[in-house]
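**Q** By UniProt numbering, the letter at position 198 of the sequence shown is numbered 198, and the numbering carries on one by one without gaps.
Among these hints, one or two may not hold up.
Stated by the list, open to error - What follows is a list of derived Cβ distance ranges for each label pair:
# : residue 1 : residue 2 : range
1 : 238       : 165       : 33 to 43 angstroms
2 : 106       : 138       : 12 to 22 angstroms
3 : 163       : 203       : 17 to 27 angstroms
4 : 201       : 162       : 17 to 27 angstroms
Simulated from the structure, these hints should not be mistaken for laboratory data. All residues carry an ideal CB built from backbone N, CA and C; glycine is no exception.
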Amino acid sequence: MQPTYDPSINPAYLNAPLQTMPPSAPGSPFYAPSPASDTSDNVFSSPSCSARPNLAASPAVTFALPILDFDDMLEDDNDDDGEWCPPSTRSTPARKRGGRQSAAAKRRARSDSPVAKKPVRKTPYNIRKRQRNPPPSRVFQMHGPGAEEMKRAITTKGFAIEATYGFECPAERCEYRMRGKSRVPDFKRHMGAHLREAYPELFDIACKGITLEEFQELSEMEKESVRNATDHDGSPFQWRGGEWRIGGCQRTFSRGDALTRHLKGRSGCMRIH
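Full structure from sequences and hints, please.
**A** Set out below in structure tokens:
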């Protein structure tokens, strides 16, 4: 029985060897089945001759298809093979908690250490403060006839100080001269500053403490503060006129505010009552 052929097919295609191709993946760019072919899966036909060269005049052309390794195209679930590291057994909260416990343990160790504790004194501290001598006056002290003359000018009522001295200090080596608005009380106070040692009775502004009767009314803590004062030895003394007092350094001041600053300081002297 003679085979029948489609007259529309070029006989040259029938004499050419068939190219068997492995099945390709859908959408492969190398081969695609011809829609006009009605042969088996391994036979591929071409379009019309006008779209292809004459294969009878040229040797058969074979195509070398690349071998695709689909394993390389897929992501390996075990990409970290050969790079395995053991997990850490320590955690951050545990490490912080351990640091706090370590610091607390160190503090307890320091407090329990015998070196940190101060040794007990065999003798008690001497709470009596060292006696401090008052600083010398910034105004030098007058003695002799010059001091007597200045005393008379201060104590004599109606003495013409302005006419006699012209508001210039009569003391030797003193260049004090009142400037601007001159006031007689201020000038007398300056002259009296030269007489503190020669005539201390002229100055009622003095640190003379309190009487012994007032001292007995104080609490024990206040009495101890008077005894341990820095500007006096804490012993009773006889003030002008024979009065016994305690708690004062017997310093004289030319101004009341100077005495107030002295009493507010850390001298330990008691206020005048």
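**Q** Next step is simple, just say for each hint if it's right about the structure.
**A** Verification of the supplied hints:
{"no.": "1", "hint": "238 to 165: 33 to 43 angstroms", "result": "holds (36 angstroms)"}
{"no.": "2", "hint": "106 to 138: 12 to 22 angstroms", "result": "violated (57 angstroms)"}
{"no.": "3", "hint": "163 to 203: 17 to 27 angstroms", "result": "holds (25 angstroms)"}
{"no.": "4", "hint": "201 to 162: 17 to 27 angstroms", "result": "holds (26 angstroms)"}
The structure does not agree with numbered hint 2 stated previously, though it agrees with all others.
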